[in-house]
Every structure is written in structure tokens, then in C-alpha cells.
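Residue-level listing of the chains:
2 protein chains.
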Amino acid sequence: MSSFTYDLLAEEGAARRGVILTPRGDIQTPAFMPVGTAGTVKALYTDQVKETGADIVLGNTYHLMLRPGAEEVAALGGLHSFMNWQGPILTDSGGFQVMSLSKLRKMSEEGVTFQSHIDGASYELSPERSIEIQCLLGADIQMVLDECTPFPATHDEASHSMKLSTRWAKRSKAAFLNQPHRKEGQALFGIVQGSVYEDLRKESAAALQDIGFDGYAVGGLAVGEGQEEMLRVLDFTAPLLPKDRPRYLMGVGTPDDLVEAVSRGVDMFDCVMPTRSGRHGQAFTRFGKVNLKNARHANDPRPLDEASSCPAARDYSRAYLHHLIKNGEILGMMLLSWSNIAYYQSLMADLRQAIEEGNLASFVARFKAEQAAGDIPAP
Amino acid sequence: MSSFTYDLLAEEGAARRGVILTPRGDIQTPAFMPVGTAGTVKALYTDQVKETGADIVLGNTYHLMLRPGAEEVAALGGLHSFMNWQGPILTDSGGFQVMSLSKLRKMSEEGVTFQSHIDGASYELSPERSIEIQCLLGADIQMVLDECTPFPATHDEASHSMKLSTRWAKRSKAAFLNQPHRKEGQALFGIVQGSVYEDLRKESAAALQDIGFDGYAVGGLAVGEGQEEMLRVLDFTAPLLPKDRPRYLMGVGTPDDLVEAVSRGVDMFDCVMPTRSGRHGQAFTRFGKVNLKNARHANDPRPLDEASSCPAARDYSRAYLHHLIKNGEILGMMLLSWSNIAYYQSLMADLRQAIEEGNLASFVARFKAEQAAGDIPAP
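So the protein sequences, as listed, match chains B and H. Residue numbers for the first sequence follow the working numbering, beginning at 133 and rising by one. Residue numbers for the second sequence follow the working numbering, beginning at 133 and rising by one.
Be careful, since some hints might not be right.
Since the list gives no way to pick out one identical chain from another, each pair is judged satisfied if it fits inside one copy or across any two copies.
Derived EDC-like pairs (lysine to aspartate or glutamate); straight-line CA-CA distance at most 16 Å [unchecked claim]:
no.: 1; residue 1: Lys-421; residue 2: Glu-488
no.: 2; residue 1: Lys-458; residue 2: Asp-251
no.: 3; residue 1: Lys-305; residue 2: Asp-288
no.: 4; residue 1: Lys-174; residue 2: Glu-461
no.: 5; residue 1: Lys-458; residue 2: Glu-204
no.: 6; residue 1: Lys-421; residue 2: Asp-507
no.: 7; residue 1: Lys-458; residue 2: Asp-158
no.: 8; residue 1: Lys-425; residue 2: Glu-461
no.: 9; residue 1: Lys-302; residue 2: Glu-335
no.: 10; residue 1: Lys-295; residue 2: Glu-335
The hints are simulated quantities; they were obtained by calculation from the structure and are not laboratory data. From a predicted model like this one, the values you see are computed outputs, not experimental measurements.
Next up, chain B with everything else stripped away, as it sits in the complex (with noise of 0.2 Å):
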């Protein structure tokens, strides 16, 4: 097998159970992508990561062109062998990134120019160089350049920001079909933008496919909008993307977020909260969110979860989880780390389960009572 495709197992409302059939391994959707921006998801090993459940991780093309460089990545093998990472990975385009962290951007219509925020550096990021990057990264699923429209956009400037990203998307394909570095079965996305406004979304969706692309994200979401607007677009945009590809729902969320999405007909997500809040003491659970900082679990024997599969979740104390967070200890910051990507992959699976069994709307009924009623309350 060396495609790249997505059979559709079963559905439930708007909500898709499927698999992502690609050379390196199957991704079992709907599916959350753990984020590995420099080449490690923070504070775990990959084997934890595998065992969490998680199919693929994801790289940052922004972080990685600097450090080490792609070029460098490529010599030793590519962006896999460097992570010690052997399942499918993910990249984006870097542009996202540009936009936040670079210093003194330089936007045209070739492309970007930009100042590494680490060592103030110039760099360019054109379509045809972060399709070459990706692929010198080895990226199994690349995402094409576009422009994250900000929030609040008028209906002008959205329109003018998706329409560069659309030409943006049909440089990058052409520039995908012509790399040298590329591998068969590696797959190429499109990003839908044009904020908050339907019209533009649909003329975004269809000129993308137009194109053509392996799938479809959803991007300019999770920048500020707040959960109800972005539930709202999401409404709109996701029938307007062909049922044989899989959708991607960039940089998004909190469980509840996953949860409404995946209700919606999103296939896939990323996001450095669950890796980033465990670093900061902040633990998701089945019972919603439990900061350990807090000092009411500083004598607290039981564990995050008795029935969790996780160690980390199972096997230390909140007690100790307290001591350790609170003494800036890196093993704080390695167990809910773990315990959190567990927590995600877990969610993901109940869901995977529950679209196959039908049982979707009462999955939610009950993840959402569980999640309101709060943290189980001390013996």
C-alpha cells in the first residue's frame, strides 16, 4: 500500500468514523494529532505517545526551517528518523507561525519574508519553499501556504486575504507535483479560509477543489472568534467539503471543542493545549479540568482518574502531582503531559466508538453532563 486514502467507516448526523490509510501506518478518525513542534511532543517519549493511541503527530514546519533546518533534518534522514518517530506525521506550512512569533514580516504576493524570532535571521516562505520544506522534512501530510485571515475581519479583507491564500493553494500543488524530494502516497491539504462569512467560505471550498487535494482543513478558526461563532462557521463550511477526503480543523481545542466538531463532520485536530497545560499544572479528566496547583489536592491521596489507562493518571497521587508541579519539577510536567495526551486520545476513541455504534448522541449527552458536573469531590 503506498496511497494515500480515506475510507468512511460509518456515520452518525453530520459525525464521520474513518481511517487514513497512508504507507506509514492507518489513522483511525476522527483523530487528534498530538503537536511536536520542534520535533518532540514536550516533556513525552514517542513510544508514550504511540501508546496513547495516537496514530500521528504533528511538526511545525516554522519551528523546524530554523532549527535545525530543513536541509539539515533531510541529511539526517528526515523529520521520522530524526523524532524517532515511525508513524505518519503531519506538517503545516509554517505560515501560521510567521504571522505569531516572526518579527518585521514582509507580506507580497510571492510570498513572505521574515525574522526568525530566535536569532533575528532572515528567511523567505514562498508556497513552492514550504512545499519543499515539508517534503524535505519527509512530511507524510502537507498543508499548503495560506494566509490565517485574523480576527475580526470585514467581509473585504477576508475576501481578499482567502482569495491570495486560493492562488497561494494552486502554487503549492503545482509546486507539490514537481518536487523532487516528494514520495509516493504523500498527501497534500487545502485550507478553507475566509472567516466568519459563508459566501466567502463556499468560494474558498470550491475553487480548492477545483485543484484537487487529499483533504481539507478548515483554517482562520480558534483565533479569537469564541467557541459559539466558531460552531456556527463550522456549521456552514463543513458540508461544503467532499465526503471522500478528510477534514482537518486546525489548532483546535478543548475536549468540548473535539466533541462539537466531531459532531459536525470534522475528521481531525491539533492543538498544544493538552501538552501546554499539563506543563502548567493543568490536568483534563473525564471530570473536566483539574488544576494542580490548587492547594485542596495537597493532601489529596487519589489518583487524576482511578480508571484511567494511563499511569499517570492511574498510579500518583494528586498529592504528589501538587508536590511536584508546585516544586517545578520536569516530572510534573512529563505526567499530565502524558496524562492529557491520554485523556485527549481516549476521547477520541469513545468517539471513534460511538459514531460505529450509532451511540454518538448520547455519548455527548453523557461526556457533557460528566464534564458539567465537575471533579469528583474529595471521600
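Chain B is fixed; fit chain H onto it per the hints.
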């Protein structure tokens, strides 16, 4: 088996191969004890610590009495349960860190009062309170409170300090015998002081043996006197200790220190060096120290040591380790701490085997040659 015993299995010159039997498991000696300062061997899971071959870890009374507190750990089931380590634990008395970390110390015959370096709160530590804390923690091997004589010290200063430590050792033993929290099979070690003066070391060792302890530590070394002087002191101090009890050289050291001290009859060691250096990008290997921060590793595809049984040393390129350390990634600290502890444990295993086989002299020669030859050159 609920008692604490030491069996001497083999000797070569002054070097000893033995085993300490404790209710929580055997400790093969010579042994290196990873330091779990505040209830965690920094950046390692306890499973990993065990798998590297460590039979016992160390906990620091000073850190644990401040946070979370000895009574708090006891209420949570003791230190083993708290940190998820089921093997033996040795705790120090707290005295060394009071001297090196705390503020506003006041020493008296009774003990020491000090302010926490964390929040300035006031604490008292006496021989009796130190034992009480160590019993509350549930330590399998406990240390008497002593004054670690600073270096350099005049003969008068060292004598005065050693005599205070001897009086405290006597009180510690009485407190240990009377401790209601003490469990069968828990052991108490005395600590020989006397700085660099042979007559004082002799006086200290004799006085401690009069009191009677389950093991004997050599204190007041590795405090700035240099390796040559340390070994000179060991040369006349180790023979002062009973053959049927384990001997522990506190706070030592580099791999070369361990080899030299084992050759002089030391059985137990602890040191933060492998974990602390690991967090700062320094690896200990068969080929000597390797500083992963150095740019020469940036494109090196080779692992630290392809023959290592530790995945951290075997399965990741130096280029990747360099990248992680350069980017301040937690995984870099995790991998190098792991690799270093694994190297220390494999060195101890090699030393044990060499003594068993009567090959210590040739092992030491080979070790010195490998370390002197330095890191393997790039291919």
C-alpha cells in the same frame, strides 16, 4: 526476611563485592544511588530508574521536610508510595542542605534552627527530629545528623566539629531505637568526620563503632578538597571501617571518582551529577564526557553509544540531542538524565562483575584508557 544485613561476596585488594539485604529488596554493591531530592529522580520515571539497574534511590530530608513536609508524606503512606518507588530508599539527615541552602542558620549543642530557602519559614532540626522525619518518610536507610565539616578546616576546627557530630550520632542512635514510627529492618548509618586528618578520622570511626551502626558513611569529602586529597583520606579511612558493614561515600562523584573509591573499598555512592549534568546537556559515556551543546554535534547522526542498552544513548542521534538541548526541550533533559543514570549503573555493574571475577585491576586500566582516549571521532 525483615532484617538489614550486608553479605560480603568477593574481594579484590581493598575492593568489595557485596549485597545488602533489606525488607524492600536487595542492593547489589558497589551501588550508585540516584538522587531523588524532592521525591523524584529529576526528569526520570521510577520505572526507568529501576530498569537502568538502580536498586535504591536517595531522598533529601531537607527538601522533603520543607515541602510537602514529613507528616504530610507519612499521612499519604510514606515516601515509597508518594513517589511510586517500591525499592529501598536512603535519606540523608538534612544537615548538609541546611548548611548549603538555608538562610539564617543558628547552630547549638541542641541542633540547628534555620529559615527555609523557599519561603523563609523557621524550622528546627535536631538529631532527634531528623530521625523522626526519616522514620515518617519511611526511609530504609537513615543517616545520623552531623555537621559536615567545611573545607579547609584547621585541626582544631575539625576536631571540634567531629566531636559535636559524635555526640549527635549518639543521640541519633538513641532516637532511632525509641522511634515509634520505625519499622523492622530499617537501618541507621553513622558518618565518619574529621576532615583530612588521620587521627581525627580514626577517633571518629572508633567512637561511631562504639555506638554501633548498621553501616558507616564517610562524610566531609567532595567538598572542595580535590580528587587526590579525597583519595588520600579514603586510603586511611576505609580500613578504619568494619568489614561486615556497608560503607558509603557521600556525594561522590564522577565516574572516575567511583572507580577509584570502589578500588579503595567503598560500597555505596550518591551524587546529583548524572541528572544535573544531563539537564545541562552533558552526557557521561564510556568515552568520557560529551557536551551536547557543542555545535560539532549538530549534524552527527551517531548515537551517544550504539552499544548501550539504554534507548536514550542508543536510539537518538547526537544531532537530535544537540537540537533538543539547544532548544531547551524537556525531552533533551529527559534523555540525557536517563542516559547518564544508565551509564552510571552500567559502570557499577561492570565494577561488580570485575571484582567477582578478580579482574578489577584490568577493568580499571581499560576504563582509564577509554576515558583518556576521549569521545569516538566522527566517521
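Here is what the structure says about each hint:
1. For the identical chains of this complex, Lys-421 and Glu-488 are neighbours neither inside a copy (27 Å) nor across copies (54 Å), given an alpha-carbon limit of 16 Å.
2. Within a single copy, Lys-458 and Asp-251 get their C-alpha atoms only as close as 32 Å, which misses the 16 Å cut-off; across copies the closest is 13 Å, which meets it.
3. In this assembly of identical chains, Lys-305 and Asp-288 lie within 16 Å of each other by CA distance neither inside one copy nor across copies; the values are 26 Å within and 83 Å between.
4. In this assembly of identical chains, Lys-174 and Glu-461 lie within 16 Å of each other by CA distance both inside one copy and across copies; the values are 15 Å within and 7 Å between.
5. When the C-alpha separation of Lys-458 and Glu-204 is checked against a cutoff of 16 Å, the pair qualifies only between copies, where the shortest distance is 15 Å, while the shortest distance within a copy is 38 Å.
6. Only within a single protomer do Lys-421 and Asp-507 lie at most 16 Å apart by alpha-carbon distance; the minimum there is 7 Å, versus 48 Å between protomers.
7. Taking identical chains as interchangeable, the C-alpha atoms of Lys-458 and Asp-158 are never at most 16 Å apart, the minima being 40 Å within one chain and 33 Å between chains.
8. Taking the closest pair of Cα atoms, Lys-425 and Glu-461 come within 16 Å of each other only inside a single copy of the chain (12 Å); across copies the shortest separation is 22 Å, beyond that limit.
9. Proximity of Lys-302 and Glu-335 under a CA criterion of 16 Å is satisfied intra-copy only: 14 Å inside one chain copy versus 86 Å between copies.
10. For the homomeric pair Lys-295 and Glu-335, the shortest alpha-carbon distance inside one copy (9 Å) is at most 16 Å, but the shortest distance between copies (88 Å) is not.
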